[in-house]
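K.L.:
Next come the chains, spelled out residue by residue.
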Amino acid sequence: MGTDAVFRVDGLRKSFGHIEVLGGISLELHAGEVTVLMGANGAGKSTLVKIISGVYERGGGTMQLAGQDFAPNTPAEAIRAGVVTVHQNINDGVVADLDVATNLTLDRLSGSGVPTFFNPGRVRREAKAVADRMGLAIDLKARVSDLSLADRQMVAIARAMAHRPKVLILDEPTSSLSSAEADRLFQLIDRLREQGVAILYISHRMSDIRRLADRIVSMRDGVVSGVFDNKPLDYEGAVNAMLGRKIHLDRVVARNSAHPVLTVDGLRLAPGARPFSLTLGAGEVVAVTGLVGVGKTALAETLFGVRRPLSGAMTMDGRPYAPSSAGEAIAAGVFLVAKDRATSGIVGDFNIERNVSLPFLKRMSGLGVLKRRIERAAARRQIEELAIVCRSEKDEMGALSGGNQQKVMVGRWMSQPARLFILDEPFQGVDISARRDIAAKLRASADGRATLLFVTELDEALETADRILVMSEQTIVGEHRNEDIDLERLLAEVAGGPLHSAA
Amino acid sequence: MMVRDHAIRYGFIVLLFGLIAYFAVAADGFVSPQSAVFIFQSVAITGVLALGVTATLVVGGFDLSIGSVATSAMMAAAYVMVVLEQNAVVAVVVCLLIGAVVGLINGWLIVYMRVPDLLATLGMMFLLVGLQRIPTEGRSIATGMTMPDGSVANGKFGEAFLALGRHRFDFFVPNLVPVSVVVLIVLALLIWFFLEYTRFGRMMYAVGSNERAAELAGAPVKAYKIWAYVISGVFASIGGILLAARLGRGDIASGNNLLLDAVAAALIGYAVLGAAKPNAFGTAVGAVFVGVLLQGLTMMNAPYYTQDFVKGGVLVVALVFTFALSGRGRK
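Chains as they are written, first to last, in our numbering: chain A, 1 to 503; chain B, 504 to 834.
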């Protein structure tokens, strides 16, 4: 374990237009140590990595590598200086149609001092040297496209290591790996650690973090919110620093539910996950929280009929509920405001009115012909109820702010009565006042249906829900009534501590 | 900018009138009933095909096989009446079936086999071009021809069928409006109404703009896409019926320009009235535009090979209007 910082960042800033994405980041990386970087989506992690690896230019602050100023203008310069990044999308790091040996020596194919003629023998020799240094046991003649994703990642990392970097950055490396493949990766990282490489490991997976971290740096809203390096590491503290606790804006009076609307029994979302059960009642707002990748969207899509569970059964109002498409779910009264509205919700060519009516065209038509007056009335009602800022229902979506666009999405699904109303990350890219409007509307209209929110930020859960469920590793690990809540226990569950059964 | 907005919205309509004015002066006889009839005839068939391909453009696809579906339908109509000696009704039904079946196959290839739309319909185009030549060993079909097996084909085109191509309605001027134009107008109104006023048309636009959002809003996206290709196929076969009726024989060399003309009309349609999306009215205007252009060039004795050049140029200009100038492009 090294003590001097091999890589240092001081007061790093970056803005895009007037939006400040990084507000002064300072961190250190030490040789032979794994530093884990944690932060929710939008915290600025990927911008930081892109500046370090030479993709973006920094807006302020300094970087130093081994005591020297480090300011790469291009990724190639960063690599030459000794800072190498392995990307989250594994296929970005390899050329699938070439063989392993060529991939390992890929960066020698161009640049100065490279001979014009391609010498297969030399390539194989160099590749073998690289592979041996890493303990890589893959056939060098194999085509990369024939390898599994995990093996491809090994090749990508070996290729990065061929440069003998001082700093290696791994961006969410286990997101496509099984746990056995992840173990193999961890052994490799141990080996690299022994070789004295400073490793920056970006991840949301608490199991990875517990296995690997020598230090944890938490980021939130473009600044470092906590550095944890005292052993034993304070994992809950790191999660808390990452998710943060802003000032409580609205106090929620937790309500009990009248009667169950949806029950889920023994649901299993992924191989190896523990089956879980849950009940959602009429009149209550339930929030499901947990880190990125724990299965929140998987559960939302399963309830909406867009994804099939591995096992388990659902009932709605006492009758079996097993939708095989979004259409069937909607017909049963289950609505989903999906995550990432730009890709899964907004029809860019349509104005507000047409976006609001989209799922319910049949109800607004007679003999196939649309009744435009009904459509207009529905849109106008939603604009009023949700206080959408626009000139009229004929405004184009592109003219609206993020918060107002999300209000249109919520308005779409609120325009008809629901039995179960699901929202997946509804506050992503939404300003604080729009968030308050939406949350208030959800609570005010909660009678007569069950409402289910999936959120990563604890604030959002605490401000909107009567009951909070915690997910970890594709299953539910805890349940809390939103009244005198035991925040420590909640954080422990989010951080993947001891499993409680859903009470 | 005001001028720019007006240029985008009305540019093509102004261009159309300007073109008519130019040819009226530059080409003798351009402004005459006979000339108008020629224009109508070519516009009608192009327009029908263009309306069909517009449906596929709306869902975000593209049907390149329309030209060969039309010529296959033409050959099939001739085959049914001359060789199989059936009547006009049977011929029409067979043609429509061909259009529907080809559309289904295109849809299946694109939606279930996940072949990209341009490639699937391109492949279908080649397939059909070859297929339509097989029954007669590559020769045209006419009454009294000898078949490959030695027999003589004695059927002929039914009177009712030929009327589709020959009959003219009186409209201000006697014998001005051919039946094909009436068919075009009826189909244009149907498609326009379907796309603008029904929930099916509306959902088709949604599928073309954001397929995932349409799916999560409960639309059976696969079905919508396949239906778009069926519509395209059936419309192309209607075009083929009109073509056969006009020619009176199964002419193997006819109809090679149909694809380019129809696609140009549909894409010009994007630029009309600032729609920046495929639409029925724009397609109709585009078809008129192409027809006027071709007739004018012909009457000015422009060589045939320059016509493709001019058509292509117009197409590129139309696309620039839509995508570069208005800043709101699809695909």
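Hints in this document: simulated from the structure, not taken from any laboratory. Hints should not be assumed to be uniformly reliable.
[Claimed, not checked] Derived lysine-lysine pairs resembling DSSO-like cross-links, with alpha carbons at most 27 Å apart:
id, chain 1, residue 1, chain 2, residue 2
1, A, K371, B, K780
2, A, K141, A, K50
3, B, K814, A, K362
4, A, K141, A, K128
5, A, K339, B, K659
6, B, K780, A, K362
7, A, K50, A, K339
8, A, K362, A, K339
9, A, K371, B, K814
10, A, K394, B, K780
These numbers were taken from a predicted model, which means no experiment stands behind them.
K.L.:
Confirm or reject each hint.
P.N.:
Against the structure, the hints:
1. Under the criterion of a C-alpha separation no larger than 27 Å, the hint pairing K371(A) with K780(B) is consistent with the structure, at around 23 Å.
2. Taken as a hint, the K141(A) and K50(A) pair is broken in the structure, with Cα atoms around 33 Å apart against an allowance of 27 Å.
3. At roughly 42 Å between alpha-carbon atoms, K814(B) and K362(A) are farther apart than 27 Å, so this suggested pair is violated.
4. At roughly 11 Å between alpha-carbon atoms, K141(A) and K128(A) fall within 27 Å of each other, so this suggested pair holds.
5. Restraint check for K339(A) and K659(B): not satisfied, since their Cα atoms lie roughly 63 Å apart, outside the 27 Å limit.
6. Between K780(B) and K362(A), the direct Cα distance comes to roughly 24 Å. Compliance with the 27 Å bound is thereby established for this hinted pair.
7. Between the alpha carbons of K50(A) and K339(A) the distance comes to roughly 25 Å, so the proposed pair stays at or under 27 Å and holds.
8. As the CA atoms of K362(A) and K339(A) are separated by approximately 25 Å, the hinted pair is consistent with the 27 Å bound.
9. Of the supplied pair hints, the one linking K371(A) and K814(B) is violated, its CA atoms being roughly 40 Å apart against a limit of 27 Å.
10. Proposed proximity of K394(A) and K780(B) is supported: the alpha carbons are some 17 Å apart, at most 27 Å.
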